[in-house]
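Using the hints provided, position chain B relative to the given structure of chain A.
From first to last, the protein sequence lines are chains A and B.
First residue of the first sequence? That's 1 in the UniProt record's numbering, and the numbers climb one at a time after it.
First residue of the second sequence? That's 1 in the UniProt record's numbering, and the numbers climb one at a time after it.
Hints are computed from structural coordinates only; laboratory data are not their basis.
Only a predicted model underlies this, so the values are computations on that prediction, with no experimental measurement involved.
Among the hints, a few may not be true.
Claimed, not checked - Under the rule of at most 25 angstroms between Cα atoms (straight-line distance), these lysine-lysine pairs were calculated in the PhoX-like manner:
#1 B:K49 <-> A:K346
#2 A:K28 <-> A:K163
#3 A:K28 <-> A:K145
#4 B:K202 <-> A:K349
#5 B:K62 <-> B:K49
#6 A:K326 <-> A:K310
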Amino acid sequence: MAIKTLDIIRRRVEERPEELKKERANGKKVLGWIGYHIPEEVAYSLGFIPIRISVGGDSKLVEVGARYASSKTCVFLREIVGAFAENTDPYIQETDVLAFDATCLQNFRAAEVIEYFFKRDVVVLGVPRNVYWEEAIEYFTQEAKEFTRLLEERAGVSVDKKKLAEAVDLFNKIRAALKEIYQYQASKGNVISWLEVYDLIQAGYVLDKQEYLQLLQQTLAELKEQQSYIDIEQEAGEARIFISGSVIPRGDRKLINIITSLGGRIVGDDIWTGIIPYLDLNIKEISPEGIALGYLNRTPHGALPYLELKTDKRLKKLHGLLDEYKAQGVIYHTLRYCDPYTFKAKETKDVLAQSGIPLLEIHTEYAGSDYEAIRTRVEAFVEMIRNQTIESEEEVSA
Amino acid sequence: MTNINAFAGVDVGSLGTKAVILVNGEIAGSSLIRTGINSVENGLESLEKALDSANLKKEDLKYIVGTGYGRISAPYANKTITEITCHAKGAHYLHPATRTIIDMGGQDCKAIRVDEEGNVVDFAMNDKCAAGTGRFLEVMANVFKVDISELGPLALKATQVLPVSSTCTVFAESETVSLLARGEKPEDIIIGVHHAIANRIKGLFSRVGIQSDVFFSGGVAKNTGMRKALEEVLEVRIANPENDPQLVGAIGAAVSAQRLYEKSGNVSQRSA
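Here chain B stands alone, though its shape is the one from the complex:
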């Protein structure tokens, strides 16, 4: 191990695997790859890429924290922490005034309340169904024959919000197909889909409450249409940090790695 003060966070999500390297408390490197079938390999590959971007080697790292659904098989990590805690830490690192986080990832969405230190004080997650997740939006993008990244900009071109009543992935797909067949404009349907999701997210916040500043993390946070729909439905302004919102979990994992290292002062050997 070298004397570089370097830490890593690896977030193996259902759609994307992310890694962030923190050196002296600053983000020195990161990576984002598509999650494949082997979460251990995905985590290691993402970590290697993040290390490359920071011009570091694995031996330079003092502590690694794994998170995301793939944390259950992360032998390269010194410790694993849930993505709920990591998103809280990551959002607090990027925007310390954060008190509420909306995290919309590939397979779930979360409402997280944090204190002034970025500690979780309450949270709620969607139950089972894919509504309000990246996977849901992928299905919708497929209906409109566009790339998922185009959904947000298209939603912003809408002239009216067409009500889409269903947030079940299967039913919403058939509902949008019907609306298209009826001759409705795709942009108006797309913003309607985003509003339907936002209304569902509002239900999560009825369980945990909402307090400014509100931070939006996860892959879906890149979607400008979703951001707008959430601001309208939740009647809040969402903070707008410059970093990639999909990296927030990995950033939080790296921040936690540094904190855990500093607290323990004595780190066991990594196993991979």
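Just chain A, same shape as in the assembly:
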């Protein structure tokens, strides 16, 4: 039985651009943002409508973007730049203020390009490379203060502690609901797929936050009615795949569709546009700096370096998620010129190999020319995982 609320969410996403137009006509301002450390709660409490800008999968826009950004910029950001150049995306059209963070230095560069060529009002949040140093925390605290000041200036109001606390509460509830829904997709007898949850997460980039929470809670109620248990175990014949690596924004479903069409079951991810930003966010102090530090202390983004392989939080989290979702293999997606993830593919593979978890690296871009080549690799990987499962089952029965 399908989850009916998902249809409502799809419809509401389609209706959202028109709504934004009306809200802006009534004096509301839209903050479009791209990054990993942007404290949405702060913008929300100041009265902005936060919209996470997310385009992808369009090679024509990538080419347009290459007229402004270096061709060594990743295809995702080149497409973002291309989308600003064309100005046809409804969310880009409706954005009053843009917020970027410098988590990935290419992201920072894209912000400069967009500000320079398209005369957009851009605010940038600096992010330290090493999140463990005292100096890094001090730097980020100052950055968060300055970022807040710039937003206050544009909003025409100052941060109100009560409104900020309400925003934190709302966003915490959204994160909690998403985490709970995510468990259902990985379970036996699941009535919701990983892709449906992934789309649900990305619907939250644009929907009104209050309405989004209400729709998530409605989804959860339906799930509880249709699937009375969460039992995350591997079933016979399954090839349980975990996706890691570069961003997979809305509009880019090439790899996901290939995996699922070949019978691979995606059960988890740690992608920037997936569940990972919503995990382990612990806001200890209701202030812009407190929220920002909560963001900083999550699992680090891939653009930040592995500091020590044995203690790296990101690898520890990856291992934990693989174990939690009983994944049998990792498909590591790297976008062309997404250097932070591409350079980490080999060491991630080596680290996972020590735990007996195979990793397949898929290096791709938005053009469709490599579709069949990717299909062959993914199909062979699924065969390999299934074969390993069969071999181990045979060993057990012998």
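Just chain B, lined up with the frame of chain A:
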């Protein structure tokens, strides 16, 4: 269906279509034809020829596995399997001590690691570009105005390895033309081209590792110059079975057909 214990593997590659018939676990027939524009017809034609060479009819076959890039349209097959798995099975069948496979076909090359049963444990493939493929060598053969089969023997006559820096098909072509214009000996350039490819293949192995015995499969494996360059660059000895290396994928498909049949014990009707 007759009582003959016959199985077939059909490998529709980008340049060649191959079929192998296995009877009682032994290779009883095979065929190799040039791939045309209709992969279904190519597969069927190759299968018919392999059956003819084994003195069998299609009705004698208990199970057929299709592989290669043309596997996506193989209605004659009971099942399709990727060429990565099939090359692993084929190499293990021909040389059971195989732990690493270099497969260089018409449009891609692969580094495959296998266990003692011939199961894939890791693999890597070239990304997008034609460097290190049969198509690349075809272009090079055209530059030197020789048949592709002559490239290997010519490479072995080289007195020095001239460095060829480019493995992009287009740039390598212009680089070799420049070297010829400069008066360099074709043999020295050809071995240089082979070394450039081998160095690129070495990059694939940095991702999956290398372990003896090493097996070389695919159409390019017929090229003795490529074999020598790989042995020098990878610093390994490559096993040298007698069978045509271009048939390894089809052999693996036939081996898989037999295994799948024996495991299921109950085979559905073929559709073509």
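Hint-by-hint comparison with the structure:
A hinted pair counts as satisfied when its Cα atoms are at most 25 angstroms apart, and K49 of chain B with K346 of chain A does not qualify at roughly 44 angstroms. Simply put, K28 of chain A and K163 of chain A have alpha-carbon atoms about 16 angstroms apart, close enough for the 25 angstroms limit, and the pair holds. Proposed proximity of K28 of chain A and K145 of chain A is supported: the alpha carbons are some 23 angstroms apart, at most 25 angstroms. For the suggested pair K202 of chain B and K349 of chain A, the alpha carbons sit about 18 angstroms apart, so the restraint of at most 25 angstroms is met.
Distance hint between K62 of chain B and K49 of chain B is fulfilled; the C-alpha atoms sit about 17 angstroms from each other, no more than 25 angstroms. Of the supplied pair hints, the one linking K326 of chain A and K310 of chain A holds, its CA atoms being roughly 22 angstroms apart against a limit of 25 angstroms.
In terms of the numbered hints stated before, the structure departs from hint 1 and from no other.
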